[in-house]
Amino acid sequence: MAHYDMAARDWFALDHLRSEWFGNVRNDLIAGLVVALALIPEAIAFSIIAGVDPKVGLYASFSIAVLCALTGGRPGMISAATAATAVLMVDLVRDHGLQYLLAATIMAGVLQIAAGILRLGRAMRFVSRSVMTGFVNALAILIFMAQVPEMIGVPLATYPLIALGLAILYLFPYLTKAVPAPLVCILVITGIALYYGLELRTVGDMGDLPDALPVFMLPDIPLTLETLEIILPYSVGVAVVGLLESLMTASIVDELTDTASDRNRECVGQGVANFCTGFIGGMAGCAMIGQSIINVQSGGRGRLSTFCAGVFLLILVVFLGEYVSLIPMAALVAIMIMVSVGTFSWASLRKLREQPLSAGVVMVATVVTVVATHNLAIGVGLGVLLSGIFFAAKIAQIFRVTSTLSADGATRRYRVEGQVFFASADDFVAAFDFAEVLERVEIDLTQAHIWDVSSVAALDTVVLKFRREGAEVVLIGLNAASETIVDKLAVHDKPGASDLLSAH
Amino acid sequence: MAETPEHSVLACIDGSIYAQSVADHAAWAAGRLSAGVRLLQVLGRRESSSSDRSGRIVAGARRQLLEQLSELDHARAKLLQSQARLDLSDAEVRLRDAGVERVDKLLRQGDLLETLQALEDETSLIVIGKRGAAADFATGHLGSNLERILRAMHRPVLIAARGYGAPSRVVIAFDGRASAINAVDEVARSALFQGLAITLVQCGTPDQASATRLAAAAEQLAGGGLKTEQRIESGPPETTLPAIVEETGTDLVVMGAYGHSRLRTLMIGSTTTQVIRDCKVPILVYR
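As they're listed, the protein sequences go chains A and B.
Our numbering numbers the first residue of the first sequence as 922 and each following residue consecutively.
Our numbering numbers the first residue of the second sequence as 70 and each following residue consecutively.
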């Protein structure tokens, strides 16, 4: 009998909380700093993608990181303003302005909280690995594409600086791994630009940087149904994409650290973070794959690492704001190219040849749709749909009808084996020979499973057709075969349940 | 609570120097309770991390990092595992030499407290060292796991001292609280204490109510066939008890577990913790 009184349970919860926060203090602090330094250029770059001032992304990154540290379900995962959500909001900002973006962010938060409470985290299992790979690759391509405007029609000095930045990012770690390469890249390139007085586009040209701590404010929008109509489609997209990327990142961190996360709590955490972020003038965000990998790589494991990343980021930008505005865009472009190259799953290209065609088609379709629509939600939707169809087509092949004629030629016994459902219902009907003249037809369903109403209708058709031809029809084993029609099988918790799926 | 005949005594060992004395204490308890001993060692959580602070993500970064971390974990786990198996076998030999017949060994991965909670139903007594391998030389502090276990578990916990000698003189720290009354009740009924000399000690300003409770407790112990003395001391328990233990040559202290104000003890520490820390003899804590 395992009974826990309140005192013991409270203590246990407190103890658990303490280990999640303070189980790894030194490494968490260091990793938090490394991540904060890497987050600054990204937050600025993603603000520029969305078409808003850098401070919108920087405030968002601070607030989302800190709130997810407090409320999220995956300690050690980094959440902030992201490319995935930024690309969704480009049109909204262009057509209606920043205030609507803030409102959409708040709304997205509400939707995510609802998803968490309704335990939709489980729905992630319908997103197959191919779709996830497609998502990640599409994201990498979007991040890269967003850098293209910064590389066209810009001062010539930009190109050698981008090349130098990339060289530093990739080669400097061979020199030492104790100093974050992105920091070195920014310092060197900014130094060169200032020393030679180069005329370059800088972060300061892209809009306002934070000059104070964020303050609470209500978005300046009319509270009408029309407003809701404008923001809702964007909010839904942001909520879905944000949860997808967050849960996907959570499973990556799970895998890297060999620990478990609470998915539904993560949904609620993301929602709370976005909801609050909208009120301090930040854009919507979610978990970041690249940054979370950097965090784990730098030793970050606990909630403290995420929390510190947010706090360090705010301190750095608020107090170093005037220096941040001097950073040439070339340095950011170099960092974002590294991020997009690191995010892209290069192994998936090689696997295209090794894996079944259907997996490749799903992955490529997801990527193409996202790049065409700039909407990760649509791409993932298509990917899920395609993988469902391919799966149904595969399972439909596990189906066979054989028959034997009695000695007197008057009775034929059909033996149906395998899965009968919408995708195999036509094959099922076609397997019977209605032209044969018989007195009696026996259909043995003992080895078959009838999954849905399509297959029930198909069976009805078969029975009717034989009757019309003057035969007596006998169904054998129908009860057991049709047990699968009910929506909830609850197979896993019944003894002998696996028998239900193999043979009756 | 019904005792399962097998594996009644759960002995938690690790690589620390307490492993031998834990085995000896467990053998003593098992002999007295005519129970078996289950030796448990729990390998801790994975803590491997790379020292890469470069903040870069190269192509295939996730795969590389996963491989690197798995490699580190694998090497560490292998080493820990073989060491743990040795520790367990050593302890088993020690138990068998001490005449314990039913011994089994359990090597688990994960958190010690969570593992103990899963085994609680098959356990009537937990034996654990005062400090773990990680806290060996910080003698002023208790093992980090010990306090967690004392607070979360419902079974009596025997905290082994560094050395072992078969207990003969027992002090019961009595403060009149529910957990102390329960401790007296358990002692009176337990086979552990038959034939041992018992002293009930009450610390704090004596008054009528506490004297009555002390007398009732003594009577209960006598009813269980135990030879009992009573003592009332005026000082605070956290300094008085260790002094009495030293002075009288006591070799086992029995006490009730923590009071319930967790937040308060988080701030200022608790009497239980201090007594456990300052008494250099084994301590048996009842919930």
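A couple of the hints might just be wrong.
The following residues of chain A were derived to be distant from chain B, with all beta-carbon distances above 12 Å [said to hold, decoys possible]:
1. 954
2. 956
3. 1011
4. 1046
5. 1090
6. 1091
7. 1094
8. 1095
9. 1098
10. 1134
11. 1143
12. 1179
13. 1215
14. 1334
15. 1367
16. 1404
The calculated DMTMM-like cross-link candidates involving lysine to aspartate or glutamate, where the alpha carbons are at most 25 Å apart (straight line), are [stated by the list, open to error]:
17. A:1098 x B:140
18. B:147 x A:1373
19. B:349 x B:288
20. A:1272 x B:136
21. A:1315 x A:1393
22. B:349 x B:244
23. B:147 x A:1176
24. A:1098 x B:142
25. B:349 x B:316
26. B:147 x B:190
27. A:1098 x B:298
28. B:349 x B:140
Quick list of the computed label-pair ranges, beta carbon to beta carbon [said to hold, decoys possible]:
29. B:142 x A:1321: 53 to 59 Å
30. A:1018 x B:140: 47 to 53 Å
31. A:1323 x B:150: 49 to 55 Å
32. B:132 x A:1153: 36 to 42 Å
It is worth saying that the hints were derived from the structure and are not from the lab.
C-beta: ideal position from N, C-alpha, C; glycine also.
So, going through the hints one by one against the coordinates:
{"no.": "1", "hint": "954", "result": "9 Å, violated"}
{"no.": "2", "hint": "956", "result": "7 Å, violated"}
{"no.": "3", "hint": "1011", "result": "25 Å, holds"}
{"no.": "4", "hint": "1046", "result": "20 Å, holds"}
{"no.": "5", "hint": "1090", "result": "6 Å, violated"}
{"no.": "6", "hint": "1091", "result": "7 Å, violated"}
{"no.": "7", "hint": "1094", "result": "4 Å, violated"}
{"no.": "8", "hint": "1095", "result": "9 Å, violated"}
{"no.": "9", "hint": "1098", "result": "5 Å, violated"}
{"no.": "10", "hint": "1134", "result": "25 Å, holds"}
{"no.": "11", "hint": "1143", "result": "43 Å, holds"}
{"no.": "12", "hint": "1179", "result": "6 Å, violated"}
{"no.": "13", "hint": "1215", "result": "5 Å, violated"}
{"no.": "14", "hint": "1334", "result": "54 Å, holds"}
{"no.": "15", "hint": "1367", "result": "43 Å, holds"}
{"no.": "16", "hint": "1404", "result": "36 Å, holds"}
{"no.": "17", "hint": "A:1098 x B:140", "result": "19 Å, holds"}
{"no.": "18", "hint": "B:147 x A:1373", "result": "50 Å, violated"}
{"no.": "19", "hint": "B:349 x B:288", "result": "28 Å, violated"}
{"no.": "20", "hint": "A:1272 x B:136", "result": "19 Å, holds"}
{"no.": "21", "hint": "A:1315 x A:1393", "result": "34 Å, violated"}
{"no.": "22", "hint": "B:349 x B:244", "result": "21 Å, holds"}
{"no.": "23", "hint": "B:147 x A:1176", "result": "20 Å, holds"}
{"no.": "24", "hint": "A:1098 x B:142", "result": "21 Å, holds"}
{"no.": "25", "hint": "B:349 x B:316", "result": "12 Å, holds"}
{"no.": "26", "hint": "B:147 x B:190", "result": "30 Å, violated"}
{"no.": "27", "hint": "A:1098 x B:298", "result": "67 Å, violated"}
{"no.": "28", "hint": "B:349 x B:140", "result": "42 Å, violated"}
{"no.": "29", "hint": "B:142 x A:1321: 53 to 59 Å", "result": "47 Å, violated"}
{"no.": "30", "hint": "A:1018 x B:140: 47 to 53 Å", "result": "51 Å, holds"}
{"no.": "31", "hint": "A:1323 x B:150: 49 to 55 Å", "result": "53 Å, holds"}
{"no.": "32", "hint": "B:132 x A:1153: 36 to 42 Å", "result": "39 Å, holds"}
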